[in-house]
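Here's the letter readout for the chains.
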Amino acid sequence: DGGITQSPKYLFRKEGQNVTLSCEQNLNHDAMYWYRQDPGQGLRLIYYSQIVNDFQKGDIAEGYSVSREKKESFPLTVTSAQKNPTAFYLCASSTPGQRNTEAFFGQGTRLTVV
Amino acid sequence: AQSVSQHNHHVILSEAASLELGCNYSYGGTVNLFWYVQYPGQHLQLLLKYFSGDPLVKGIKGFESEFIKSKFSFNLRKPSVQWSDTAEYFCAVRPGGYQKVTFGIGTKLQVIP
Chain A
270 DGGITQSPKY
280 LFRKEGQNVT
290 LSCEQNLNHD
300 AMYWYRQDPG
310 QGLRLIYYSQ
320 IVNDFQKGDI
330 AEGYSVSREK
340 KESFPLTVTS
350 AQKNPTAFYL
360 CASSTPGQRN
370 TEAFFGQGTR
380 LTVV
Chain B
22 AQSVSQHNHH
32 VILSEAASLE
42 LGCNYSYGGT
52 VNLFWYVQYP
62 GQHLQLLLKY
72 FSGDPLVKGI
82 KGFESEFIKS
92 KFSFNLRKPS
102 VQWSDTAEYF
112 CAVRPGGYQK
122 VTFGIGTKLQ
132 VIP
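Line order of the protein sequences matches chains A and B.
The first sequence begins at 270 in our numbering and counts up one residue at a time.
The second sequence begins at 22 in our numbering and counts up one residue at a time.
Nothing false has been slipped in among the hints.
Distance condition first, Cα-Cα at most 27 angstroms in a straight line; then the derived DSS-like pairs of lysine-lysine:
1) A/K340 to B/K121
2) B/K70 to A/K326
3) A/K278 to B/K121
4) A/K352 to A/K278
Since the hints were derived computationally from the structure, they do not count as laboratory data.
Could you put together the complete structure from these sequences and hints?
Quick look at the structure:
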């Protein structure tokens with residue numbers, strides 16, 4: 270089945286450690302996104318990528334890094350510089366350009382810093 | 022930068038009541054508009070979308086929305102809610118030709134049987 274797979278579903282990290290969240294899609298979508306969801310704040314865009322080897326900062330990129338070496342994959346690294354990393358992280362993908370479609374979302378990864 | 026405002030953060034309705042959730046956006050050009058729903062414990066799902074054409078959009082599960090360009094609004098409506106509509110609803114906007122999708126803060130709907 271086509272879709273977006275995020276792993277792991279739950280992740281625990283010690284303070285001061287970097288951690289990488291996985292996002293893989295088999296929808297052949299060019300654009301991919303990372304959002305952070307916090308209660309009362311909705312979804313905030315961290316990074317997005319319109320094509321392989323290209324990505325742009327979203328609204329809250331500080332303390333995060335991404336790579337886009339393959340079309341199917343868009344991993345997000347939460348670094349120790351992120352002041353408040355405990356959150357629910359959502360990955361999404363869509364087709365870009367004039368053939369507009371909606372974004373499809375993965376199941377999310379809940380990161381807890383302990 | 023574009024922004025999205027959802028005015029109702031928490032709505033409580035009885036079953037069979039009518040629903041209208043407000044959504045306004047700030048962007049002067051062509052936009053794509055979306056409503057997503059997140060049921061408890063589930064991932065975000067698309068309810069409906071507007072790209073062009075008829076401003077009255079029908080979505081899944083009896084939801085609809087009307088794009089009013091002059092008011093920069095895209096409110097979500099349902100004539101009669103059910104207990105199973107209990108969820109969080111997000112409005113989102115994407116300027117035409119761009120990839121950045123901006124979401125509102127969400128509205129939690131609780132339907133009481």
